[in-house]
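A.B. asks: Residues per chain, in single letters:
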Amino acid sequence: MSNSILESETSVESPAAGTVMSMQQALNRALDEVLAENPKTLIFGEDCGRLGGVFRITDGLQAKHGEQRVFDTPLAESGILGMSVGLAMAGFHPIPEVQFDGFAYPAINQIVCQIARMNYRSRGTLPMPITLRVPSFGGIRAPEHHGESLEALFAHVPGLKVVSPSNPHEAYHLLKYAATRPDPVIFMEPKSRYWQKGEVDVARPDPAGGSPTGAKVMREGRHLTLVAWGAMVARCLQVAELAAEDGIDIEVLDLRWLKPIDAAALAASVRKTRRAVVVHEAPLTSGLGAEVAQLITQGCFDTLRAPVERVTGFDVPYPSGDLEDEYIPNIDRILFGIQRVLEYKRG
Amino acid sequence: MDTLPAASGGAAEPLTPAQLRELYSLMVAVRHLDTSAIAWQRQGIIPGYAPEIGQEAAQVGSGYAVDTTRDFVFPTYREMGVARTMGIDMVAYMSTHKATWHGGLYDPLESRLAPIQAVVAGSVLHAVGWAHGQTLDGKDGVAMTYFGDGASSQGDVHEALNFAAVMKAPVVFFVQNNGWAISVPTERQVAGGSVAARAAGYGMPALQIDGDDVVAVVEATRRAFAHARSGRGPVLIEAMTYRRGPHSTSDDPGRYRSLDEERDGAGLDPLQRFRQRLLADGVADEAFFAGALAAAKAEEEQIRTGIQALGSRPGTEMFDLVFQETTPALQAQAANWREESEHV
Chain A
1 MSNSILESET SVESPAAGTV MSMQQALNRA LDEVLAENPK TLIFGEDCGR LGGVFRITDG
61 LQAKHGEQRV FDTPLAESGI LGMSVGLAMA GFHPIPEVQF DGFAYPAINQ IVCQIARMNY
121 RSRGTLPMPI TLRVPSFGGI RAPEHHGESL EALFAHVPGL KVVSPSNPHE AYHLLKYAAT
181 RPDPVIFMEP KSRYWQKGEV DVARPDPAGG SPTGAKVMRE GRHLTLVAWG AMVARCLQVA
241 ELAAEDGIDI EVLDLRWLKP IDAAALAASV RKTRRAVVVH EAPLTSGLGA EVAQLITQGC
301 FDTLRAPVER VTGFDVPYPS GDLEDEYIPN IDRILFGIQR VLEYKRG
Chain B
1 MDTLPAASGG AAEPLTPAQL RELYSLMVAV RHLDTSAIAW QRQGIIPGYA PEIGQEAAQV
61 GSGYAVDTTR DFVFPTYREM GVARTMGIDM VAYMSTHKAT WHGGLYDPLE SRLAPIQAVV
121 AGSVLHAVGW AHGQTLDGKD GVAMTYFGDG ASSQGDVHEA LNFAAVMKAP VVFFVQNNGW
181 AISVPTERQV AGGSVAARAA GYGMPALQID GDDVVAVVEA TRRAFAHARS GRGPVLIEAM
241 TYRRGPHSTS DDPGRYRSLD EERDGAGLDP LQRFRQRLLA DGVADEAFFA GALAAAKAEE
301 EQIRTGIQAL GSRPGTEMFD LVFQETTPAL QAQAANWREE SEHV
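Going down the list, the sequences are from chains A and B. Going by our numbering, the first residue of the first sequence is number 1, and it counts up by one from there. Going by our numbering, the first residue of the second sequence is number 1, and it counts up by one from there.
Looking at chain B on its own, in the form it has when it is part of the complex (with noise of 0.2 Å):
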């Protein structure tokens, strides 16, 4: 399904052969990265994690198509590809499944990617305040709000894509639909089968695409910004993936799909598609593969040690974060708090 009047895409440059190389790193440090967390996990070095295996194209693909000078994302909880893909600090990033800081580390602001979001469908509205603004301030900037088909059931998705449609808000609702809203499957969430046609009736341009193939979905995405930034409002973007993994560390799958449903569903794994496509058009050879695992195995044992040795926040951080502008009786909480700790 493509809504998105071909005019209006700018006939994006093709990627070149280095950007699909570059592409490939992505994936495969996201990949390593993902399964890695899973292990720290089961090593006790984080608490939780919530593993985005599977939908690397779709995430990757996405925030490569992010103008980091002048854009801003809103993630989910489950966005490692797209953070690592626009340059996010990942020991901050990571440090929420740490438990350090619900938000994460990382500065929103500067490195343009709102702070980790747990409520479903929390910061679909806040993209388009967002994005309303740069209107108001006569910007060009684009918000790229991320959700999934759980979150499609959310009246705040129903607010967000027609607030959006009405203001004519430069948004790029992009949605994954990986199949299963932790243990209900997608035909049980969005009515209609698709969350991309509902888009006709915000009168808003949508794609449906292959969240598997990163190619398709960097085009998708390039197109979606370029027509946002033209000022033409916004569009929705239905990446069909799968969510390989568990919805987090504490899921077991085994409850709600067998392993032959999982295979079924999942079809083939974007990482190895990717690879056989660029074997197949000569654009890497299998020494870059082994390169880019080797670079990817690096960084994670980086990122891992950054986060080993990320100690708490202190515990005044609890209170002086609240407000910009304090209170009495916060104040003498942290007192008390001082007191009555062995934190001094």
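Just chain A, same shape as in the assembly (with noise of 0.2 Å):
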């Protein structure tokens, strides 16, 4: 079936009070006001400033800003984390991007042993505030090292929180969130969400007044849950619609937060639904995943009634563009292990 996460998820995000905006523009309008509310806010990276983002997230910004403000910097992902961290220690809150997920790598030496790690290091007198924001996921059809799902790394990390949104009110509140604190966040935007449009209610972060680093119940279902975060929720959302049509009530619980995890929302779901599958792009082995279903396992036991599934990538490196549908998980592999869950039967 065709499944192009470009083409057929729109306008699933629950309906909300406010503007209609893509991601884009929502990530946009975050960094925009956080540059205004804080002047030791930064933003840098490549091609950041005056092209305002290979995605164009920062757009505009270099203008209204400045260049002091909002800068490019030489083509070095170590160079632009090293020097967050200097940034960092003499005040600023830096907000760098790298501009796809994979070109992380290169800079996981000062993203581990420095920015994780130096708040430690320093008894707590060297806070890292730093917000590194990373288009991250596939979905695009773009060249190798453009498609990571580097989550379970990041959230292995001793010193690193890490949080995706799924949906512009998500992006714009969660940014204008992290982006306020004073350690650093590892900030994964789903790339191929960027256009997709939504509802963002400004005024009102969750109306339901549930807490700012809490998962969300994005649609109540009775079931069976699907965890899932960043471009994986809309496709859930779907699935869950696709469901209902043959009775099964689905719950979504956008995970938002991969470290630290909210354990609580994810033991209050299960413990009504009963059954869980939890959904993610990146490689099946030690994902995010096996954590979810542990903390599950662990909340949930006695009230269980099918093993935790997992429908996610597989232990294969993140493919070309004519096999991403093969590896991402689609609609089709999400209902059969859903299928797998209500059909276990206790041996």
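Hints were generated in silico from the structure; no laboratory data involved. All the pointers check out, no bait thrown in.
One-sided excerpt, in silico: chain A residues whose CB lies under 7 Å from chain B:
hint : residue
1    : 74
2    : 76
3    : 79
4    : 82
5    : 89
6    : 120
7    : 121
8    : 125
9    : 127
10   : 159
11   : 182
12   : 183
Computed cross-link-like contacts, DSSO-like style, restricted to lysine-lysine with a CA-CA straight-line distance of at most 27 Å:
hint : chain 1 : residue 1 : chain 2 : residue 2
13   : A       : 272       : A       : 216
14   : A       : 197       : A       : 176
15   : A       : 40        : B       : 139
16   : A       : 176       : A       : 40
17   : A       : 176       : A       : 216
18   : A       : 272       : A       : 345
19   : B       : 168       : A       : 64
20   : B       : 139       : A       : 64
21   : A       : 216       : A       : 197
22   : A       : 40        : B       : 168
23   : A       : 40        : A       : 64
24   : A       : 197       : A       : 64
Just so we're clear, the structure is a prediction, and the values are computed from it rather than from any experiment. The beta-carbon is built from N, C-alpha and C at its ideal position, and this holds for glycine as well.
With the hints in hand, could you dock these two chains into one complex?
C.D. replies: Right under this line is the structure:
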């Protein structure tokens, strides 16, 4: 079946009072406001300045806030992140961009050995309020190293926090929240969702009154919980609609924060539905799905009707565009996962 | 080699006799603490140490040029002499070698010395970021970052030199070329034979100096600071010196260099050289040298007593210092640890 994220999934976000905009516009607006609100914030990276970023997330920000606040760096990711450490030590709040997920690899030493540890090493005297924006995940037919899902890698590193928005509303509020934190946050933007529009309620991050660091129920259901983040949330909402036609009532939980994970929300949802499938683009083995499955097992062992199922990418290097629809969990694979859980019989 | 424009050097005042004697006292204090720290390790007072013996002139001389009211220094794990010269609390500094806390117990912001850095070339880029922050804030502080001939092979050094030159960041890159990266000599490490020569490729002025001549080091570093402070961008100094000791207290140099090679490579001891010069110039006499050594011994005893009295940090700090804003998972792990350990 045709399953391009770009083509098929629009307007699945639940309606909220506010302005309709794309995730790109929502992120751009959030950054604009962050720059205006905190004079110590800086945006920099490759092509972030004059060009406005290859995805135009920083479009117009240099013209508005000046070349000192928004600037281009030489093309070297370790340099960008290493420089962020020094700027943070000097009292700034850097919001660097790594142009694509796979380009974070050359900067891993600075991210893991320096950014994640400086607060610890310095006994809290040198906090690292660094918000690292990383256009992430696959789905846009891009070249090699442009479709990676690094959340498990980052989440495994003590000292880092990791978050991923699933729609424009979440993008706006989570970025504004992350960019005011005193700790390093890896902000994973689902690049395949940049141009999808949705309503952004600027005044109310969460009308239900949830915590800014919590997971969010995007659709309530009784029979099974789909746990996802980033671009997979929209796909799971689509799956839930299809399943509803067969009388299966699915709850979709947007994890949002991949570190720290909202274990209480996972338990609350699955205690109600008693079944769970976790969906992610990253490879299966040692992926974040394993962590989610363990947290669910820990919190709901007595009520679980079936083992937690994982529907994920495969243990292969992210494939070329022609094969990425085979790699990224598609609607059919998620439905099969749901079926396995629903039909599970105790042995 | 000297490509730093003379005019930008700010024709510094020559060092006064009192300053020369102060430099000597610092070098003796550093030498004595350094050799004592090896003894501490052998006696089981500390688990390990990275000696800087032979690099006293390079470290004291460069550290002497720092203005701790506005500059910031980014050390590696072998800059004890710099720390002492900057007036860091040496019990707090040496605590890293006691395995008390990785970065040391001193306050980096107050002391203007970044935490001890164990990643080779790890903090070179941090200096560039900090220095660019000075430009953005309209301040005149200069960042000085230390690294060695071994670290010069790291990609981060290239990125740092390039970033600093592109942004004209006020950074002094202070390279101590001590001839050895553990067991690998400079000739198998530095293609072209000189780190300073590479600065030309970045359009950056550089100085290659006798790193065992403390006066030359002070003068070169002061010139570099004046250049960087005046907004003319970064400078690289390559101080040629020699690692007279092992890489660390776990190292065995006998496996890669003979004692003859060591003697030939090391040349004259920088401390003895300076002593002879002060004597010849009539700046100091034997009584002064004896007094400086006695002061160094008293200081070392005080530091050793402080180190021996230093207890372990409370285990709660493992959890409390990870983030500014802790997480539920960390709190739960801390609670488990408290329950399951005896450290109630």
